[in-house]
Amino acid sequence: MHHVILGAGPAGVTAAETIRKHAPHAKITLISGEPEPPYSRMAIPYLLEGKIGEDGTYLRQEDGHYDGKGIYYKQGPVTSVDAASKSLTCADGSTLQFDRMLIATGATPLRPPIEGLDNPGVHTCWTLEDARHIAEHAKPGVPVVLVGAGFIGCIILEALAKMGVELTVVEMGDRMVPRMLDETAGNMLRHWCEDKGVKVVTGALVDAIRASGETAPAPAPSATPFAEEKPGFFARIFGGGSSEPSATPAVAPAPTAAAPSHDHPLTVHLKDGQELPAALVVIAAGVKSNIEFLKGSGIDTNHGVKVDPYHETNAKGIYAAGDVAEGINLSTGHNDMLAIQPVAVEHGYIAALNMCGIETAHRGALNMNVLDTLGLISSSFGTWEGVEGGERAVLHDKDANRYIRLEFDGDQLIGAQCVGMTDHVGMLRGLIQTHLHLGPWKDKLIESPGRVAEAYVAVMQQGPTAGYTGPKVALPA
Amino acid sequence: MLKALTIDPGKCTGCKQCEMACSYVNEGEFNVSKSRIRVFDFHEEARFVPYTCTQCDEAWCQQACPVNAITTNEMGVKIVHDNLCVGCKVCTIACPFGTVNYNASTGKVMKCDLCGGDPACASACPTDAITFQDIEQTGFDKMKVWATKTTAGTEPTGPNAPA
Amino acid sequence: MGWTGKVLRIDLSNGTSKSEPLNMEWADKYLGQRGLASKYLVEEVDPKADPLGPENKLIMATGPLTGTCASTGGRYSVITKGPLTGAIACSNSGGYFGAELKFAGWDMVIFEGQSPKPVYVTIFDDDVQLRDASDIWGKSVWDADKYIKSTHQDQMIHVAAIGVAGENEVLYSCVVNDLHRAAGRSGVGAVMGNKNIKAVAVRGTGGVKVKDFKAFMDATNAGKKVLKDNAVTGEGLPAYGTQVLMNVINEAGAMPTRNGADVQFEGAGDISAEAMAEPRRTDGKPNLLTNQACFGCTIACGRISKVDETHFTIQNKPEYWHASGGLEYEAAWALGSATGTNDLEALTYVNFICNEQGIDPISFGATVGAAMELYETGVIDDKVTGGIELKFGSAEALVQCVELTGKAEGFGKELGMGSKRLTEKYGKPELSMTVKGQEFPAYDPRGIQGMGLTYATSNRGACHLRSYTVASEILGIPEKTDPLETDGKAGLVKAFQDATAAVDSSGLCVFTTFAWTLEDIAPQVDAACEGNWSVDKLLEAGERIWNMERIFNNQAGFTAADDNLPQRLLKDAAKTGPAEGLVAGLDKMLPEYYELRGWTQEGVPTNETLERLAV
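Protein chains in written order, with my numbering: chain A, 109 to 585; chain B, 50 to 212; chain C, 50 to 664.
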């Protein structure tokens with residue numbers, strides 16, 4: 109049996125290891141799309157900050173990990189797949205036969221329709237290679253414009269700010285992380301960032317990125333706002349609500365004339381006429397699934413690869429997992445893309461079991477995120493925007509920079525978001541995912557949303573395992 | 050032989066010796082806010098509940114870690130490696146038991162590691178509300194039932210679950 | 050070091066606060082908590098100051114072992130000039146508040162001046178704020194606790210508050226922390242109320258360090274083992290709480306009953322520890338639910354009780370259908386024996402109200418006992434009591450009294466003055482069972498002679514916790530002495546007073562001394578604190594503290610004449626029990642006590658003594 113896994117991110121690596129565990133003698137090939145050892149994109153911001161070296165981003169730390177497990181690691185990328193003949197072709201022209209295949213090719217950053225994206229000094233922040241470029245430019249004091257204050261944008265924001273650059277972040281939504289946090293929380297982040305010296309421009313669209321001093325080509329092509337090109341796309345990616353750009357930008361200072369300069373060779377032109385000088389422009393405007401290579405493969409795709417609850421595609425023996433797969437969203441019961449690390453691992457694990465013949469249906473993944481924005485920590489879980497007919501508990505302590513919003517359906521928690529609260533925050537996932545009935549604790553939470561941890565422990569104690577048994581440890585014989 | 054931290058809330062008096070022992074072992078000072086075990090106080094019901102990591106089979110924290118900074122040792126204990134942890138906090142939201150917490154003063158996460166096999170909280174507990182004992186005596190199956198409710202997939206549920 | 054080295058000084062008049070370094074020279078002489086805070090008080094407050102005026106100060110102080118893993122290392126004390134007595138007051142409390150104050154980084158908080166309007170103080174680590182308390186002024190301790198935790202959305206805040214009793218300056222109102230632990234005696238709550246402080250809310254996220262962790266862990270572990278292996282601290286107190294004493298003291302004929310008229314209470318069994326654990330006839334459930342520890346305590350003597358929901362006191366009050374702090378021995382005695390009441394459920398309810406309204410149940414119960422005697426002897430009537438039929442043994446009357454006292458309404462206003470002022474008002478001062486204006490507690494000096502000298506010489510007015518010779522005279526700790534004998538008691542009292550002053554200054558609970566001697570305590574203190582804390586140094590510090598307190602009181606106007614007992618104890622012999630025919634032999638002990646103390650027969654420390662102790 110030959111298992112081939114496309115993509116060496118968390119989903120692919122988890123799948124390879126899981127297959128090895130359950131199929132000791134199977135042949136496993138793990139094909140990477142990048143010339144790097146398997147690494148985690150999540151760790152790139154910490155690489156930029158200098159918290160870790162490149163090896164600190166690697167998904168597995170020990171030398172010879174893949175060889176040791178008999179996982180053959182091969183450079184890709186894969187350019188085409190034929191489901192019918194169970195074969196694929198790589199960029200180097202080599203072909204491969206497989207019995208089972210997992211598509212875990214992840215996503216790539218969107219390139220919004222902005223003039224000048226190819227200028228030197230404009231980068232996405234997605235791969236180790238991107239990180240190397242950014243590190244080259246982002247020196248203390250240089251002006252940097254970050255386009256996009258979504259989840260990924262905000263992670264990069266933290267890293268850039270810590271690198272000491274003069275940072276301006278431009279977000280087309282009316283607030284920061286609009287798909288992860290509500291207006292109150294998003295604005296808390298904004299004020300926090302501004303207090304720390306980061307300039308935040310929301311409700312703004314980037315028109316062009318030009319060399320400083322260069323004027324608009326005449327006639328200037330009217331750049332379409334990229335959000336409108338694929339309406340609702342981001343919402344689907346993040347499982348959140350819609351995000352209409354606000355009519356008026358929250359901040360609209362007078363345009364500043366940008367002279368050509370070695371300090372800021374680029375100028376970012378906003379739709380409203382504002383001009384932002386920059387030595388480096390980082391684009392974090394969302395991602396799209398890597399599915400182009402599946403054209404003509406016979407595998408059904410939508411925005412991502414369509415899968416059943418076993419993470420199998422319409423093509424027998426071919427599975428999909430991670431950012432590329434439209435798995436089940438626990439909150440909605442619908443298939444959806446939740447591009448987050450823990451979900452990628454879950455997908456990879458479930459798909460691998462099924463690839464080994466251990467039938468395992470996925471109940472659905474929970475959307476959740478955690479963000480540290482210059483020390484202000486926020487998180488969101490599940491249906492944080494609430495449902496019709498549900499109840500809501502809100503705590504907003506401006507002075508303490510603390511915000512908790514809980515959303516209930518009946519006496520069950522279905523979504524939550526927090527700012528400035530980290531202790532026992534995972535219990536929110538526990539409560540949502542297990543559909544625990546809160547009983548009298550729901551009213552207590554509506555009165556005091558900060559009592560989540562107590563509520564969780566209390567409800568759990570009253571559950572079927574009152575007097576639960578704690579951790580277990582296998583002592584060596 | 051399997052051993053487990055067994056918690057009997059009925060015996061807990063709320064003295065917090067466990068929290069102090071934990072913070073002393075892990076932080077080198079008495080600091081209950083940095084303890085890996087926490088005693089919840091339900092005063093109106095006259096009940097105290099010590100609470101910490103169950104070292105669950107599912108290893109949610111470990112699976113969520115993007116940089117392999119949490120591993121399971123030969124005793125099944127999930128251990129955070131401070132030299133690898135970047136402080137991304139994904140494990141803190143991934144752990145459905147809420148027992149991995151971010152420590153702002155170190156910029157890393159912290160969780161119970163059973164003190165390498167001799168948990169200080171159990172040694173410090175004056176009433177045997179927290180004990181470290183053979184798993185056969187602890188109603189481990191009960192915990193399994195509860196933990197199962199928390200899983201995303203059907204059984205088997207985690208990378209470490211039995212096939 | 051065990052100290053944080055920081056004192057928080059809050060000027061209520063101006064609404065400002067500042068951090069100042071702890072005076073380490075004083076710390077080396079007075080250790081912490083009671084001793085060290087009293088030093089600050091005597092240095093800063095005129096002994097003649099009006100206790101209920103802005104010139105008085107209120108100090109909340111921890112000890113060096115507070116917030117450590119030493120068993121019982123969670124104590125704090127409230128130090129001020131007491132309004133009930135006019136003497137120096139130091140009331141000690143457990144719960145979690147003291148440790149939290151330490152984690153917030155403070156050895157003590159000194160409140161000075163008077164706030165122009167009601168405030169509550171939040172101490173969240175270094176962030177100190179005076180906040181408007183108009184929403185909770187007039188509310189109970191429990192409501193204030195809930196309000197503060199809810200307003201700041203943090204259940205891990207620990208609150209020390211006054212109830213309406215403190216607001217109304219009831220002279221024996223207390224400061225209640227963690228809902229039902231109290232700095233109970235001498236009216237420290239009235240001082241807080243006078244300063245317009247409703248509550249102090251603390252949240253600390255810092256750590257406490259000690260000098261030598263290794264030595265400290267060894268010493269505290271050894272100490273914990275001693276507590277565990279001891280019959281009183283290892284078995285009696287956890288199982289029965291201090292209530293274990295109810296039957297013991299009654300049998301010893303040392304149970305002050307019906308305002309001290311008798312020394313044995315026929316209803317003692319009904320309100321004892323054993324009764325609390327028995328299933329009730331009404332609902333088949335026991336009064337006692339569980340025991341609870343204060344911070345760091347491996348004894349866990351605290352009682353958590355629930356009143357029978359069908360009992361007359363709460364049948365229409367579902368807000369009391371929950372668990373809360375149950376009867377400790379002193380409260381059971383004062384609310385029960387002192388008033389002749391044997392209704393356990395009623396006493397538990399009244400105790401709840403005392404906690405909720407911030408009333409010292411000892412002085413309250415004893416004052417009700419005195420009022421009952423005034424009523425039964427016809428000195429006061431229904432007109433005075435507002436229709437309350439104040440008969441000994443009436444649970445209904447007791448309940449009516451407690452509900453009025455905190456609010457200072459009707460006859461409650463008179464009860465709130467304490468028995469000394471109440472009986473004086475009606476021309477019967479001899480019916481007040483007090484020393485220096487403070488009601489004595491649950492041990493009758495006719496049956497336990499050492500307690501007579503204890504009460505007479507206590508620096509905060511009658512009190513058992515200044516030298517608990519009951520340990521020796523009844524329980525044989527550290528060695529048995531004859532409770533009916535006065536010989537040797539002067540030395541015993543002095544030794545207990547000095548040792549207790551040291552323990553009260555350490556952050557530890559005096560209940561540990563059922564099992565621990567200073568030989569057990571000194572290594573723990575020494576491992577935590579710089580300064581070579583030997584047994585001798587602790588004893589010397591204790592003696593120094595005692596003399597310092599005495600000098601303050603002398604300067605406040607107290608004399609040897611105030612080292613006295615109520616005439617009833619000196620003249621009326623015990624009618625029953627082992628002490629039948631005996632009176633309290635204070636005159637046989639007091640001169641020797643003065644001598645042993647190095648005081649003149651007028652009760653004034655000699656210059657030699659002061660020099661020896663470097664007070």
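Honestly, the hints are just simulated from the structure, not real lab data.
One should not assume that every hint holds.
Calculated Cβ distances over 10 Å to all of chain A for the following chain C residues [said to hold, decoys possible]:
| hint | residue |
| --- | --- |
| 1 | N63 |
| 2 | P70 |
| 3 | K97 |
| 4 | W186 |
| 5 | K198 |
| 6 | S199 |
| 7 | D203 |
| 8 | D311 |
| 9 | D357 |
| 10 | Y369 |
| 11 | V428 |
| 12 | I526 |
| 13 | T530 |
| 14 | A544 |
| 15 | K620 |
| 16 | E641 |
So, partial list: chain A residues that the calculated Cβ filter (under 7 Å) puts toward chain C [said to hold, decoys possible]:
| hint | residue |
| --- | --- |
| 17 | G178 |
| 18 | L503 |
| 19 | H504 |
| 20 | R559 |
The calculated DSBU-like cross-link candidates involving lysine-lysine, where the alpha carbons are at most 35 Å apart (straight line), are [what the hints assert, rightly or not]:
| hint | chain 1 | residue 1 | chain 2 | residue 2 |
| --- | --- | --- | --- | --- |
| 21 | C | K260 | A | K159 |
| 22 | C | K456 | B | K60 |
| 23 | C | K529 | B | K60 |
| 24 | C | K529 | C | K55 |
| 25 | C | K188 | C | K586 |
| 26 | A | K506 | C | K195 |
| 27 | C | K263 | C | K274 |
On a predicted model such as this, the values are computed, not experimentally measured, just so you know.
All C-beta atoms, glycine included, are put in the ideal place defined by N, C-alpha and C.
Hints, verified against the model:
Distance check on C:N63: its Cβ is at least 22 Å (rounded) from any Cβ of chain A, clearing the 10 Å threshold; non-interface status holds. With a minimum CB-CB distance of about 28 Å to chain A, C:P70 clears the 10 Å threshold, and the non-interface call stands. Every C-beta of chain A lies more than 10 Å from that of C:K97, the closest at about 43 Å, which supports listing it as non-interface. Every beta carbon of chain A lies more than 10 Å from that of C:W186, the smallest distance being close to 22 Å; the non-interface claim holds.
A Cβ of chain A approaches the Cβ of C:K198 within 10 Å, the least distance being about 7 Å, so the stated non-interface status is violated. The beta carbon of C:S199 is not kept farther than 10 Å from every beta carbon of chain A, the shortest such distance being approximately 5 Å. Annotated as non-interface, C:D203 brings its C-beta within 10 Å of a C-beta of chain A; the closest such distance is 6 Å. With a least CB separation of 47 Å from chain A, C:D311 remains clear of the 10 Å interface cut-off, as annotated.
The claim that C:D357 is not at the interface with chain A holds, since no C-beta of that chain comes within 10 Å of its own (minimum 22 Å). Listed as outside the interface, C:Y369 is consistent with that label: its C-beta sits roughly 18 Å from the nearest C-beta of chain A, beyond the 10 Å cut-off. Every C-beta of chain A lies more than 10 Å from that of C:V428, the closest at about 50 Å, which supports listing it as non-interface. Distance check for C:I526 against chain A: the nearest CB is about 37 Å away, which clears 10 Å, and the non-interface claim stands.
Separation of C:T530 from chain A is adequate, the least Cβ-Cβ distance of about 47 Å exceeding the 10 Å criterion. Consistency note on C:A544: stated as away from chain A, and its beta-carbon is indeed over 10 Å from all of that chain's, at 46 Å minimum. Every C-beta of chain A lies more than 10 Å from that of C:K620, the closest at about 57 Å, which supports listing it as non-interface. C:E641, annotated as away from the interface, keeps every beta carbon of chain A farther than 10 Å; the closest lies near 57 Å.
For A:G178, the interface hint is violated, the least distance from its beta-carbon to any beta-carbon of chain C being 48 Å, above 7 Å. Using the Cβ-Cβ criterion of 7 Å, the hint placing A:L503 at the interface with chain C is satisfied: the shortest such distance is roughly 5 Å. With a least beta-carbon distance of about 9 Å to chain C, the hint placing A:H504 at the interface is violated under the 7 Å criterion. At about 6 Å, the closest approach between the beta carbon of A:R559 and any beta carbon in chain C falls short of 7 Å, and the interface hint on this residue holds.
Distance restraint check for C:K260 and A:K159: the Cα-Cα separation of roughly 34 Å lies within the 35 Å cut-off, and the hinted pair is therefore satisfied. A distance of roughly 38 Å separates the Cα atoms of C:K456 and B:K60; the hinted pair therefore is violated under the 35 Å criterion. Straight-line distance between C-alpha atoms of C:K529 and B:K60 comes to about 34 Å, which keeps the hinted pair within the 35 Å bound. Proximity of C:K529 to C:K55 is assessed by CA-CA distance (about 42 Å); at most 35 Å being required, the pair is judged violated.
Using a Cα cut-off of 35 Å, the hinted pair C:K188 and C:K586 is violated, with the two alpha carbons roughly 45 Å apart. Of the pairs offered as hints, the one joining A:K506 and C:K195 holds, with about 20 Å between alpha carbons and a cut-off of 35 Å not exceeded. Note on C:K263 and C:K274: the hinted pairing holds, with a Cα-Cα distance of about 17 Å set against a maximum of 35 Å.
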